[in-house]
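Given the sequences, and given the hints that come with them, work out the whole structure.
Residue numbers (our numbering), protein chains in the order written: chain L, 53 to 188; chain E, -12 to 183; chain Y, 44 to 523.
Honestly, the hints are just simulated from the structure, not real lab data. Wrong hints could be hidden among the right ones.
Straight-line C-alpha distance at most 20 Å; calculated SDA-like pairs for lysine to any residue [unchecked claim]: (1) Y:K130 to E:T112; (2) L:K143 to Y:R420; (3) Y:K298 to Y:G309; (4) Y:K419 to L:G115; (5) L:K59 to Y:H498; (6) Y:K419 to L:S151; (7) L:K143 to L:D77; (8) Y:K130 to E:S146; (9) L:K59 to Y:P507; (10) L:K59 to Y:P511; (11) L:K59 to L:G71; (12) L:K143 to Y:G415; (13) L:K143 to Y:A416; (14) Y:K419 to L:N136; (15) Y:K419 to L:A122; (16) Y:K130 to E:D145; (17) Y:K419 to L:R134; (18) E:K18 to E:N52; (19) Y:K419 to L:R148; (20) Y:K298 to Y:L283; (21) Y:K419 to L:Q138; (22) Y:K419 to L:D77; (23) Y:K419 to L:L140; (24) Y:K61 to Y:Y211; (25) L:K158 to Y:G401; (26) Y:K130 to E:P143; (27) Y:K221 to Y:M44; (28) Y:K419 to L:L76; (29) L:K59 to Y:E513; (30) L:K158 to Y:R484; (31) E:K125 to Y:R119; (32) Y:K419 to L:G78; (33) E:K18 to E:S32.
Have a look at the derived ranges for each label pair, beta carbon to beta carbon [stated by the list, open to error]: (34) L:T68 to E:P143: 24 to 32 Å; (35) Y:W170 to E:E157: 22 to 30 Å; (36) Y:G237 to E:D145: 46 to 54 Å; (37) Y:V321 to E:V55: 57 to 65 Å; (38) L:F172 to Y:E338: 45 to 53 Å; (39) Y:G132 to L:G69: 31 to 39 Å; (40) Y:R271 to E:R115: 56 to 64 Å.
C-beta: ideal position from N, C-alpha, C; glycine also.
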Amino acid sequence: MHIAYAKTEIERLAATGTGIELVLDGAQPYAWVRDIPAPTPPWDRATYDILIAIPLAYDLGTGLDGFYIALPYTFNGGNHNRVNGQTLILKDRQWRAVSWHYPDGKQFRAGIDTVESHIFHCRGFFLARGAINARV
Amino acid sequence: MQELSNNQRDAREADATLEGPQVALGSHEVKFLVEVLNHPDHKLSHIHVRRDATLLEVLDESARNLDVKLLPTPQTTLDRLHGVYEDHRIGEPLDLNLNVEEFLQQEPKTHHLAIELVLAIEINTRWRIAPEKEMTPKAILALAGLPWEQYSLYYPADSVDPLPPDAPLELHRGQRFEAQRDGKYGAGACDAHRVC
Amino acid sequence: MPEFDLRIRESDWARLRKQCAPSFRGRRDTELGAIGLLGKRTVGAKLREMIVTQMLWPERGEVLAEPGMALTFTSRYLRRAHIAVRKAGLAGLVTFHTHPHASSEVRFSWYDDEQDPPLVENLQEIWPATLLSSVVLGASSQKGRLWLSPKQQLSAGRLIVIGEGVQYLPLDGGKPRKAPTPSEIFDRATALTGSGALALLSQMTVAVVGASGTGSLVCELLARAGCRRILLIDHDIVKLVNLNRLLYATRDDVKHRRRKVEVLKGGIEGLGLDCEVVPVVGSILDNAVLEQLNESDFLVGCIDKDYPRMLLCKYAYQYNVPYIDVGAEIGGDEEGIVSTDARVNYVAAGRWCLRCTGLVTPRRLAFESLTGAERKRKVALGYSDDVLIKQPAVMDLNMRAASAGVMMLRHLLQPFLRSPLPVTLAENLVTFNMKPIASPRNHNDACDICQVNTHSGFGDCGEPIGLPSEVAAALLDDEE
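Structure (structure tokens):
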């Protein structure tokens, strides 16, 4: 079964209380993660939903990279410079790609990193590192 | 509503003649009081079965009513059905191939039945009734028709340590054992081994 | 008439032979043996091969062997194997035992014949799907059979040993037969490998995945090397841009939107070398296409994408089938071209997969396995430039890769290159340098494809390797 590892990881997270589900846009799977905490200010709300694209070859040792943020949002009353990607509509919501990548030399390590650790990496965007790097 | 054709009307009248008046339709069914022998809950229940039902079907219906599981399956059960007579005397196991009508013609008559849940155990796919509550693996193998010299008995099902052949075991209903034989090979046992 | 073949890893076969070697020394009076677990490989409903997924070496006391006595695999040992088979959903188990006095010929004894049926009956009574294979070993021969039931057995044809080489050993109890003399067309090739390799190649079905520049060249070379059946897999049609490298393709094929596999079938079969090309139109990402690899004895990957390469790797380990990946890469910097690599990788049991080798990168694999819309959004973020580089499509370079690949295939059938083969063999024409890369760049001792693959040798008993047809089709549509 393709993306069996991702399904297992997502089910395990859901079973332990994380608001997460696997959703499909045609053949493309995504992990929809609810209620990622964010400090207000600078963010306009205390939690955000995010969407993480799961490559179909996830089980073969690919990494995860970047995420989408559910729209609308404001950061310091305006836009965040890294929320600069294209949009997608999925499950009646609009999402925008966020340019939030692993630093060189600290890439996602297949077999060690997981959907959970990637969510943790994505949370960093809403906290100090993402906010400091932002140009308003 | 459609009107009945002449043929249909004739057929219905013929059926009514055979069955007698409408009020007698209930005589197709028979009511039994059923129970499970030696069951801690000592539950009793009433069931309604057709006169042409076999006693195997009666046993199945009784088991479902009393919420007990027949082993190994309701269709191939080793469990037994008994008649219960005056003074709560339990009769011999009934022939499950009989139908209710035939059973009710036998003397003494009763509408009270009891299920006997036997000590059924499984060895590989062979279900047997254990004659004793405690048996040695040797005796269990013999019960299944497997020579103990060639087979070892294992319990539980994923165990790889054979049970000591002479140590008695307390058995419980539905217990599943696995009997595994050794694998023997070779030219050494062959008289003409030099050509093998 | 042999009815199935048995596949085994070279390391398992070597260890089994080593452990059984004392049977054939000294007084030659002690029988030895061991049990293996079996996966299977079917074509349609027909069983083609059994695969030794794992040897379950006996623990102390699990095999009783006394001089002059029959060998006993204790019920505990059999049970350990049988429980492993049942838990993993495998096809069955195989017992190996020796007949110490048998040398170049061996057969089952009457005792073996008497004991196997009740054993398979017993195993099937516990787990009805169990198949039992037994193999008797002589000093330099072996004979095998497969019990489908206590009354029905299949005779074994060959033992296929996969590792640093590819060996086909007879499982009929006889001596290896002398290879037939090759026909006049091919006899010049005997200078390289002898007639044995030629005979083997003529009996094999080689799956060539990818029918473009390199794939068409590999097909041509295989046909001229004496291969008589090629399973050619590609989904694409001939386009104008293919005419610089695709053998036998013409402008007329472009005009009529002919499939690459059909064009090559016509070209190769037209050579008159008795080589049949079986065209498979589809993507190797698709499970329905991957299933068709079960007809093959050897895989040659001629694709420039990482995702299908990794699926072929997975297949190679799950089915214990040898896989040669060929390709070409041009490297450059501001100064200009610094390398033109014609590259060959050999993937098989006991060797590194293409991910560990460093050829397949997680980034490219991830990128390729996103649907088209998602890929476009990634590209728009500007973070994927490196994964968009097109592989070179230069026939002269492809030709060097195809040539090295087929040479390596010949070597595996009858060695003439230095062993063990390097992880990657790359020829850089810019520096006039042949580079044998001995160690993998991204090796991972816990790699679940090549090192600790829990489905290694499972064959059809493992999970499907690729994608459901509709998902594969969606990925493919996006590409086009």
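*Which numbered hints are broken by the structure, listed smallest first?*
Checked against the structure, no hint fails, so every one of them is satisfied.
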